[in-house]
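Chain order of the listed sequences is A and B. Throughout, the numbering used here is defined as the position within the first sequence, counted from one, plus 9. Throughout, the numbering used here is defined as the position within the second sequence, counted from one, plus 358.
Think of the hints as simulated: they come from the structure by calculation, not from any bench. Heads up, some of the hints might be wrong.
Stated by the list, open to error - DSBU-like, lysine-lysine: derived pairs with alpha carbons at most 35 Å apart:
#1 B:687 x A:146
#2 A:430 x B:490
#3 A:351 x B:466
#4 A:322 x B:661
#5 A:146 x B:661
#6 A:146 x A:182
Residue-level listing of the chains:
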Amino acid sequence: MKVTQLTLRPGIQLTAVQTRKFKSSTLAVRFLLPLSEEEASLNALVPMVLRRGTAEHPDLESLSAALDELYGGSLEPLVRKKGETQCVGFAGSFLDDAYALEGERVLEPAAALLAEVLLRPYTQDGAFCPDYTRQEKDNLINRIRAQVNDKRQYAQIRVVEEMCGEEPFGVDKLGSEARARTIDAGQLWAQYQKLLHCARVELYYCGSAEAERVQAAFAPIVDGLPQGEARMGVLRPAKREAPRHPRRVEESLDVTQGKLAMGFRTGCDAWDEGYPALALVNAVYGGTTTSKLFLNVRERLSLCYYASSGLMKYKDVMLVSSGVEFDKVGQAEGEILSQLYKCQTGDVTDDELEWARRSVVSTLLTTLDAQSRLEDYWLGQAAAGLTEGPEELARRVEQVTRAEVVTAAQNLIPDTVYFLKGRD
Amino acid sequence: MVSKQYPRVGETVFHEILPNGLHVYVDRRRDFQKSYAFFATNYGGMDMRFRLDGAWKDTPAGVAHFLEHKMFDTQDGNALQDLAANGASPNAFTSSAITGYFFESTEKFFDNLKILLSFVSIPWFTPESVDKEQGIIGQEIRMVEDDPENQVFYALMECLYDHHPIRVPIAGTQQSIARITSGTLYACHKAFYTPSNMVLTVAGDVDPEQVCAAARAILPDQPGLPIDRDYGGEEAPQAACGEKELTMEVSTPIFQLGFKADPVKGGEEWLRQELMGELACEVLLGSSSPLYARLYSEGLINKNFGYGFELYPGAALMAAGGESRDPRKVRDAVLAEGERLARDGVDADLFRRVKKGVYGAKVRSLNSFENVCISLAQSHFAGVEYFRFPEVFDAITPADVQACIRGWVTPRRCGLAVVRPGEAV
Chain A
10 MKVTQLTLRP GIQLTAVQTR KFKSSTLAVR FLLPLSEEEA SLNALVPMVL RRGTAEHPDL
70 ESLSAALDEL YGGSLEPLVR KKGETQCVGF AGSFLDDAYA LEGERVLEPA AALLAEVLLR
130 PYTQDGAFCP DYTRQEKDNL INRIRAQVND KRQYAQIRVV EEMCGEEPFG VDKLGSEARA
190 RTIDAGQLWA QYQKLLHCAR VELYYCGSAE AERVQAAFAP IVDGLPQGEA RMGVLRPAKR
250 EAPRHPRRVE ESLDVTQGKL AMGFRTGCDA WDEGYPALAL VNAVYGGTTT SKLFLNVRER
310 LSLCYYASSG LMKYKDVMLV SSGVEFDKVG QAEGEILSQL YKCQTGDVTD DELEWARRSV
370 VSTLLTTLDA QSRLEDYWLG QAAAGLTEGP EELARRVEQV TRAEVVTAAQ NLIPDTVYFL
430 KGRD
Chain B
359 MVSKQYPRVG ETVFHEILPN GLHVYVDRRR DFQKSYAFFA TNYGGMDMRF RLDGAWKDTP
419 AGVAHFLEHK MFDTQDGNAL QDLAANGASP NAFTSSAITG YFFESTEKFF DNLKILLSFV
479 SIPWFTPESV DKEQGIIGQE IRMVEDDPEN QVFYALMECL YDHHPIRVPI AGTQQSIARI
539 TSGTLYACHK AFYTPSNMVL TVAGDVDPEQ VCAAARAILP DQPGLPIDRD YGGEEAPQAA
599 CGEKELTMEV STPIFQLGFK ADPVKGGEEW LRQELMGELA CEVLLGSSSP LYARLYSEGL
659 INKNFGYGFE LYPGAALMAA GGESRDPRKV RDAVLAEGER LARDGVDADL FRRVKKGVYG
719 AKVRSLNSFE NVCISLAQSH FAGVEYFRFP EVFDAITPAD VQACIRGWVT PRRCGLAVVR
779 PGEAV
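Please put together the full structure from these sequences, using the hints given.
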């Protein structure tokens, strides 16, 4: 597997992963912008509307037919959040050239279709088609509203919103329903122009073709983007201290099981030397089925239906998430904190440390086996301006000492506790 | 050991038949970090009546699934934990036709393989552990009974089939599982978990000889006795009844529309039927078909619309479903489109495009080790080489697909199951 990272023009980069191990190739293009309350929903909506039709293929049916011609390829709108950078655009999966029935090339026409969707939208009167805009705006609002359907995920969104209310990180990748409601066709067109002119652009490829060929295939996109403007640079989020006493927030919804979500400050993010130790602490504490939270809070004490922790790689935040009976929430919170205390005082067995290390290393290495996970990994690194691949990070995790794990644990400070309870 | 190359899909498969009758397949994948092993028995939810050693036996619904839950128990503890401590991610499933156990790992592959082969082949049940499991599976059945997707699926099966056991929920019912004892489990394990009724499939960068050596060392020497299964005799071609309706707490009506297709015995015909069925679905109501676009723009279906072709021993069907304000209108439109295609034939350009799309998706799906191992196992049980699909696919013509649609997409072979919003009765 060979990874090439190239700057094609200022602010326009390509990451090309060359490997013959997959039957398919992944193509992606993403616009990167600072995450903001004002623009998040607008940015999220742009690819959804672009996906409805192009000048050459003005509706879903003709776009589907074009994708069928490319051996049933996919081309899906993408909206993600990497630290305080919002990433919007498209990711597609296509048959690798080696398996085409008549030896024809798939990469070039696939990249051309991507360029078409990105740069030549179906327009009416010089802007997006009003029908598509209205329908996709409704879809966006429905998606934001549907976040409450998955209570586990909703509690996590809410704790981040509360904890990082004064930081861009508090904004959801889809923005807010209130802001989405105010979007009109003119605003959306203006935002599309802003993406084309000012956003950083990250192109991605993973498949059997060598980097030069990939670069040539992407040329229609690179040449089609406006010239001569300063595109935004890499952004590293500021760190914060936790408040002296954790903030507490409670909400009621029609639920039968309570959801407890706790946000911690970690004092560490992907740019820091100490990140591998933090990744390991997270696994020891709550990141795996051999972790302290899983084995104690869930299995031994049966306090929760689930209890796990997760890191925000590009922000100094760790979340603990658990499903718990309403009357057991105090006990569960106490046990979650007491397991943290064990990590901080080095009360971790050699087995626990090794199981965690094996799990983190294995998760990193199997990233190399799945094209979609690899695309997401490299998007995060590109957004952060980092170049370390999964194997190198795995190697650093192998080197982490017990003392470094304990130190990283000691930097975990509770910031905000969110509890979702039932209605009385 | 035989090694066979499949240049069309770029794979090489090692195949060996052990002296005890077990078939072992290894798809050698270089450059991958992980390896995947799948150990399956040709025994699923529908195998309730069978003949072993001359005597017919009737067993309650849900035994195959119950066994799957209990197999992880070992005399020393639980195999799931042993595998997890070794860094593997294990799991299992029971379908109507098979039960499969698998794991994925980046380290200690052969240690994990030995654990897999041993816990699946050595049963360990006690009356207490069976009692406890009855409670757990009872909860699972209750949860599934609250799930409208599941209810509408079984309602469709009841529409289409008169007696074939595909109608019976895989997990059984509260009543049926109450009749399962540790004796039932031991007897069914003995009948179906025999080397000659099982298959081991592996994908990854592992030595095929070593896989066979592990299987030889751990599994029994004897192949086991042949088993006859009884699915109640051949089904009539027409649907048992045209419509079924349920009421549940859902926001919009959900439906499953089905067409009873002709079952096939096995061998290459099995693979051909499967591919023709998939193409027939795409041509009739796939996302780039004219009917799909029309139903979508009329608001009769939405993004949740899904479809597929399913093939089981003694049963086959085309099914499509999702949410709709008027499922009967969807059914009538599909029948009308079927009639048109049967009369006028399949548009050559649409057929060519759809065939390309289906082919590409099938090849791309080989990225997934899970998919590869399960497909190799299912094809083995059907008596066909899975990786031969490109050649079989090439030979399918628009006339073949037209004939499928003409034969199957008719009012007498059609069933419609609907879950309507309202208080559950």
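* Asked: Going back to the hint list, which numbers does this structure go against?
  -> none
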